[in-house]
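Participant: What follows is the residue order along each chain.
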Amino acid sequence: MKRISVITAALLAFSAGTASVQAAGGGDAPQYARVPWTFAGFRGHFDQAQLQRGFQVYKEVCSSCHSLKRVNFRNLAETGGPGYSEDQAKAAAAEWLHQIPEPNAEGQIADRKGNIITRPARASDPILGPYMNEAQARAANNGALPPDLSVITKARGIEVEKPFYRVPDMMLRDIFTGYQEAGADYLHALLTGYKPVPLYTEQGGKLIRVADGQKPPGAKACASVERQDGKNDICNPLQSGMNYNSHYSGHQIGMAAPLSDGVVKYAKPKQGDGLTAVPETADQHARDVTAFLAWAADPKLEERKRMGMLVMFYLAGLALLLYFAKKRVWSKIPH
Amino acid sequence: MASDHDPNRRDFLTIAGLSAAGVGGAVSIWPFIQQMNPDASTQALASTEIDLTPVQKGQAITAIWRGKPVFIRNRTDAEVKAAKETPASDLPDRVNAADSARTKKGKENWLVLVGVCTHLGCIPKGQSLADAKGDYGGWFCPCHGSHYDTAGRIRKGPAPKNLEVPPYEFVSDTKIKIG
Amino acid sequence: MSNHESSYQPQSRAAKWMDERLPVARMMHAQFVDFQTPRNLNYMWTFGGILMFMLVIMIVSGLVLSMHYQASDQLAFQAIEGIRRDVNYGWLLRNIHMVGASMFFLAVYIHMARGLYYGSYKAPREVLWILGVIIYLLMMATAFLGYTLPWGQMSFWGATVITNFFTAIPFVGEGITKWLLGGYGVTTVTLNRFFSLHYLLPFVIAGVVVLHIWALHHVGQNNPAGIEIKSKSDSVPMAPFAVMKDLFGLAVFVMIYAWFVFYAPDYLGHADNYVEANPLVTPPHIVPEWYFLPFYAILRAIPSKLGGVVAMFGAIVVLCFVPWLDTSRVRSAKYRPLFKPFLLMFFFTVVALGYLGGKPAEGAYVVWSRVFTFYYFAFFLVLMPILGIIETPKLLPKSITDAVLGKGGAALPTGAAAAPEKR
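Protein chains in written order, with this note's numbering: chain R, 1 to 335; chain W, 1 to 179; chain B, 1 to 423.
Quick caveat, the hints were computed from the structure, so don't treat them as lab data. Source: prediction; values computed, not measured. Don't be surprised by glycine CBs; every beta carbon is placed ideally from N, CA and C. Careful: at least some of the hints might be erroneous.
To be verified - Mimicking PhoX-like on lysine-lysine, the simulated pairs with C-alpha atoms at most 25 Å apart in a straight line are:
#	chain 1	residue 1	chain 2	residue 2
1	R	Lys162	B	Lys359
2	W	Lys125	W	Lys68
3	R	Lys327	B	Lys232
4	W	Lys105	W	Lys177
5	R	Lys332	B	Lys230
6	W	Lys161	W	Lys81
7	W	Lys57	W	Lys84
8	W	Lys81	W	Lys107
9	W	Lys161	W	Lys84
10	W	Lys177	R	Lys90
11	W	Lys161	W	Lys133
12	R	Lys231	B	Lys359
13	R	Lys69	R	Lys59
14	W	Lys175	R	Lys90
15	W	Lys133	W	Lys156
16	W	Lys125	W	Lys107
17	W	Lys125	W	Lys81
18	B	Lys334	B	Lys398
19	R	Lys332	B	Lys232
20	B	Lys398	R	Lys332
21	R	Lys90	R	Lys59
22	W	Lys125	W	Lys156
23	W	Lys133	W	Lys104
24	W	Lys68	W	Lys104
Claimed, not checked - Stretches of chain W that chain R covers, calculated by requiring three or more beta carbons in the stretch to come under 8 Å of a beta carbon on chain R:
#	stretch
25	20-33
26	41-48
Working from the sequences, and respecting the hints, build out all of it.
Facilitator: Below is the structure:
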């Protein structure tokens, strides 16, 4: 046991000394910034104002293609969430563009023109997107499927290239800090990752990346580069209809950059409402919508961490008590 | 000290430890019990709003609330009069049986009832214009012949109680929220 | 049972009445209060109790989750989301069950490592050990079935990969696979029967656990010195000594469990399982849960399909033969200076195979998987038989009391392969 605790201590010390997540390898793998989310860690909580801004971004930008169908409008009014009132949640439902398909009183599912008959959403209804099914979504998006965003921050992760001997200390660090925000970090990196296609120059069969801002003659624009030992590097140019993204797998994404500076106009905070103004930048929009989606994926986060704190303190106290009780019991005999 | 000589007697620390563990165990049971209570999605559907505009005087509609039919009738003046003028002695079930106790003030023409016979649970007839309404102009249960009047009160037959009035309120002049 | 002098005294008339008709209290007293346990047990011996606790937790949490689950390919993913969002404390119950599976395996691996290190599989505990391997196999089956239930991408594709194993069996393989699946691929039919079996197996495990405890109590526990109890001073009654130690060990274990449940519930899982299963889209890397990774590495290390499946199952089945593969007359690795480093290397091998199982089967990863797979089997099939014969063990202590109180060693090693001692 002593030996194990010494090893653990050593690993912790090792990991504490290496704060940033470096990607090993030739520099091709993207690096992911760990955004200081308010909902991260032991005392994580959601910033209600941020969630409301995030909902606004989702509504005005993302909902034109992406559904949020595991979330109901009534969830917007629950504790631990954006903090809307029940009436606001009801109103959001009633004015939602994508209504609920439901046969009318005569039992018809479509009108004479072939449009599906729908009714306005209620608070108890899910937040639907524009498409009835996967096939319709793909047909409208060149074969690409805009995924449902209800659990997107849990459905994505970050794979960090690291040598095998770094695995234990990095694992321990993630476990001790309760790092569960890889999906959120990925989403933020993706939304802010729309950049010009990088340029490469060719030297002896190898492609060398050109520094940003420079344009040497003969440089090629490659969305991604395939490197194999013993063979020439292969340049994959950007396909037509695709967009370059520094953090998307393969670097070519069907979705055009959804966010730009000021694409969503936030309400100005009023005197005395305790809110601070935030810049209307693409990065801010990305953080806000990511925080909102992190809530959408995990609406019980605040309750979970709050209960967790009580449980951990209780267990620590209990373990201490039982330790001394055990010692007392065993003190009765020589051992 | 007696405890030092008797190794079988539990000392304070042991008792404290076991008790603390026991309390933790007992508290932990609560979520396992509470999870069987109606969840948030069920509770969200526990109330429903009905728009009354399409219901003309003399007409009735049937809504669904918590899985049960709800009769909503827009009574004619004659039906309201008949209900108000019934003497209490004619009513087998007199608990809160006055017509005014079964309707909302200023909206006496509207009658909202749970459409389940209080005898053995069948759905009485009387909602559509062609239906038999029984001897008292209200509803008639075909299963065992209970007759309900224009206020949904039992008058004749085996049913022991008046049709239940669910909790409801007018959220606007033309909309009610049941539950 | 060997420990026959029960000091149980019924405390009330009702208790006495029951004792004359069905002596459950007497049996419980004899087996869990009076039971003589070696006084030198260390914390590695707390994991049996921890595993019983985990089995109860998993059954109870699984039971309540099954009240809200729907085993259909159309409804399963949504049902899980309903549990996470709407069911009262649903998020907590689901985290307890999901993290609990990992904690269950963590405990069982430590428990097995204890058995290997201290020679707990040696006579007269061979049946006890084999029952343990059976429990382990049932746990693996239960966990595999359970993982398909959320119907995420990993659920579906993991099930596809595992059920495909059976096609490797010559002649009857395709038929067996079709029978298992109820169709030509993993479908809603498969999901439904997997749910049914997942509900069943834990109760089978509970039954085998009863046999496991019975076998244990019949021969008595092993201990870090690997020598049998010889006198009263070698042992202490289970209550309060072992009970208080077990409770403390359990509290520490539950702290780690709670940390994951509340602060890192998805850490041990895979992000792809939050994507609903899609039979037309294969995820870039199909990986099982961490506790299967060493066997997954062994499977992919062998180039032939049938060979890989045989090696994977062989890696578990070989455990059953350990009592006979190990020829040493000494139980505990504490006194086996040649065996001990090779055993520690074996533990490292399992961890290394676990790491490799999570990597793509390419390049250096495949090479190292083969190296470690070779060592895995060589350890059991070559080293265990040979080392027992050529090794010179250290001097064993005269008795457990001596080992604890620090007196000198004995002249000859006692016990392991010799006839079971009478008490």
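Participant: It remains to establish, for every hint, whether it holds in the given structure.
Facilitator: For each hint, the structure was consulted:
1. Of the pairs offered as hints, the one joining Lys162(R) and Lys359(B) holds, with about 12 Å between alpha carbons and a cut-off of 25 Å not exceeded.
2. Restraint check for Lys125(W) and Lys68(W): the C-alpha separation of about 15 Å stays at or below 25 Å, so the hint holds.
3. Distance restraint check for Lys327(R) and Lys232(B): the Cα-Cα separation of roughly 21 Å lies within the 25 Å cut-off, and the hinted pair is therefore satisfied.
4. Our distance criterion of 25 Å between C-alpha atoms is met by Lys105(W) and Lys177(W), whose separation comes to about 16 Å.
5. Simply put, Lys332(R) and Lys230(B) have alpha-carbon atoms about 21 Å apart, close enough for the 25 Å limit, and the pair holds.
6. About 22 Å separates the Cα atoms of Lys161(W) and Lys81(W), which keeps this hinted pair within 25 Å; it holds.
7. For the suggested pair Lys57(W) and Lys84(W), the alpha carbons sit about 18 Å apart, so the restraint of at most 25 Å is met.
8. The straight-line distance between the Cα atoms of Lys81(W) and Lys107(W) is roughly 14 Å, inside the 25 Å bound, and the hint therefore holds.
9. About 18 Å separates the Cα atoms of Lys161(W) and Lys84(W), which keeps this hinted pair within 25 Å; it holds.
10. Only pairs whose Cα atoms come within 25 Å are accepted, and Lys177(W) paired with Lys90(R) is accepted, the gap being roughly 14 Å.
11. A hinted pair counts as satisfied when its Cα atoms are at most 25 Å apart, and Lys161(W) with Lys133(W) qualifies at roughly 18 Å.
12. The hinted pair formed by Lys231(R) and Lys359(B) meets the criterion: a straight-line CA distance of about 23 Å does not exceed 25 Å.
13. Annotation: proposed proximity of Lys69(R) to Lys59(R) holds, straight-line Cα distance about 13 Å (limit 25 Å).
14. Simply put, Lys175(W) and Lys90(R) have alpha-carbon atoms about 15 Å apart, close enough for the 25 Å limit, and the pair holds.
15. A distance of roughly 13 Å separates the Cα atoms of Lys133(W) and Lys156(W); the hinted pair therefore holds under the 25 Å criterion.
16. For the hint pairing Lys125(W) with Lys107(W), the CA-to-CA distance comes to about 24 Å; that is within 25 Å, so the pair holds.
17. Distance hint between Lys125(W) and Lys81(W) is fulfilled; the C-alpha atoms sit about 22 Å from each other, no more than 25 Å.
18. Taking the CA atoms of Lys334(B) and Lys398(B), the gap is near 15 Å; set against the 25 Å cutoff, the hint holds.
19. Taking the CA atoms of Lys332(R) and Lys232(B), the gap is near 16 Å; set against the 25 Å cutoff, the hint holds.
20. Distance check on the hinted pair: Lys398(B) and Lys332(R) sit about 23 Å apart at the alpha-carbon level, within 25 Å; holds.
21. At most 25 Å may separate the alpha-carbon atoms for a hinted pair to count; Lys90(R) and Lys59(R) meet this at roughly 15 Å.
22. Annotation: proposed proximity of Lys125(W) to Lys156(W) holds, straight-line Cα distance about 15 Å (limit 25 Å).
23. The hinted pair formed by Lys133(W) and Lys104(W) meets the criterion: a straight-line CA distance of about 23 Å does not exceed 25 Å.
24. This hinted pair checks out: Lys68(W) and Lys104(W) have alpha carbons roughly 21 Å apart, not beyond 25 Å.
25. Only when three residues or more bring their CB closer than 8 Å to a CB of chain R does the claim for the stretch 20-33 of chain W stand; here the count is 3, and the claim holds.
26. Only when three residues or more bring their CB closer than 8 Å to a CB of chain R does the claim for the stretch 41-48 of chain W stand; here the count is 3, and the claim holds.
In this structure, none of the earlier numbered hints is contradicted; all agree with it.
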